[in-house]
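Put together the whole structure using the sequences plus the hints.
Chains A and B, in that order, are what the protein sequence lines are. All letters in the first sequence, in the order written, are residues 1 to 114 by the working numbering. All letters in the second sequence, in the order written, are residues 1 to 112 by the working numbering.
One thing to keep in mind: the hints can contain errors.
[Unchecked claim] Stretches of chain B that chain A covers, calculated by requiring three or more beta carbons in the stretch to come under 8 Å of a beta carbon on chain A:
id: 1; segment: 20-33
id: 2; segment: 36-46
id: 3; segment: 74-80
Calculated directly from the structure, the hints in this document are not laboratory data. Note that beta-carbon positions come from the ideal geometry of N, C-alpha and C, so glycine has one too.
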Amino acid sequence: ETGVTQTPRHLVMGMTNKKSLKCEQHLGHNAMYWYKQSAKKPLELMFVYSLEERVENNSVPSRFSPECPNSSHLFLHLHTLQPEDSALYLCASSQDLSYGGEAFFGQGTRLTVV
Amino acid sequence: SQQGEEDPQALSIQEGENATMNCSYKTSINNLQWYRQNSGRGLVHLILIRSNEREKHSGRLRVTLDTSKKSSSLLITASRAADTASYFCATVLYNQGGKLIFGQGTELSVKP
Numbered sequence: 001e002t003g004v005t006q007t008p009r010h011l012v013m014g015m016t017n018k019k020s021l022k023c024e025q026h027l028g029h030n031a032m033y034w035y036k037q038s039a040k041k042p043l044e045l046m047f048v049y050s051l052e053e054r055v056e057n058n059s060v061p062s063r064f065s066p067e068c069p070n071s072s073h074l075f076l077h078l079h080t081l082q083p084e085d086s087a088l089y090l091c092a093s094s095q096d097l098s099y100g101g102e103a104f105f106g107q108g109t110r111l112t113v114v
Numbered sequence: 001s002q003q004g005e006e007d008p009q010a011l012s013i014q015e016g017e018n019a020t021m022n023c024s025y026k027t028s029i030n031n032l033q034w035y036r037q038n039s040g041r042g043l044v045h046l047i048l049i050r051s052n053e054r055e056k057h058s059g060r061l062r063v064t065l066d067t068s069k070k071s072s073s074l075l076i077t078a079s080r081a082a083d084t085a086s087y088f089c090a091t092v093l094y095n096q097g098g099k100l101i102f103g104q105g106t107e108l109s110v111k112p
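See below:
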């Protein structure tokens with residue numbers, strides 16, 4: 001148990017569906033991240049939030065929409081996804097973005113787009 | 001291209017042997033971290049080494065950092081079957097905040 005919880009663990013959705021991934025951390029951290037992990041590829045940093053403000057958006061398609069209502073919660077809203085978006089989506093948090101310390105990861109959501 | 005690249009991509013050893021994984025990176029860093037991932041699960045932090053450090057130990061893990069060569073190595077001594085996992089290095093780039101940039105990872109298989 002890392003203190004970072006992601007739900008759901010598995011998600012199958014059609015290309016016309018709208019769904020949301022949820023991440024919650026109970027560590028008192030100020031920075032939260034979304035990563036995408038596809039087979040045989042490095043982890044791709046998608047979004048970074050620091051104190052609820054988005055500080056990074058790595059050219060992610062608009063069909064992925066993040067939301068950070070407070071420093072403990074992070075969402076990734078999904079709509080009209082493509083099959084190539086199937087991947088493991090990982091949420092992480094760290095104490096402070098400027099500190100550069102260790103990140104704590106959730107167990108991930110395995111997303112399959114059909 | 002990616003900031004961190006691990007070598008080898010896959011490594012298979014017998015229990016009790018040592019496993020060495022290498023990581024190379026391209027630009028100046030604040031620190032370098034190693035993570036472990038069991039199949040299809042989240043990553044777990046193993047060890048962090050700062051740019052002004054050359055070697056660090058944690059239990060059976062030994063990490064070295066050579067900033068002149070922009071490379072790091074992770075040594076796992078006396079490996080166990082439970083060490084089977086993917087291992088990733090991640091760099092925190094100098095003057096670019098605390099974002100972690102990951103390499104492709106090394107898949108380690110330890111056979112009993």
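Do the hints match the structure? See the list:
{"no.": "1", "hint": "20-33", "in the structure": "holds (count 3)"}
{"no.": "2", "hint": "36-46", "in the structure": "holds (count 6)"}
{"no.": "3", "hint": "74-80", "in the structure": "violated (count 0)"}
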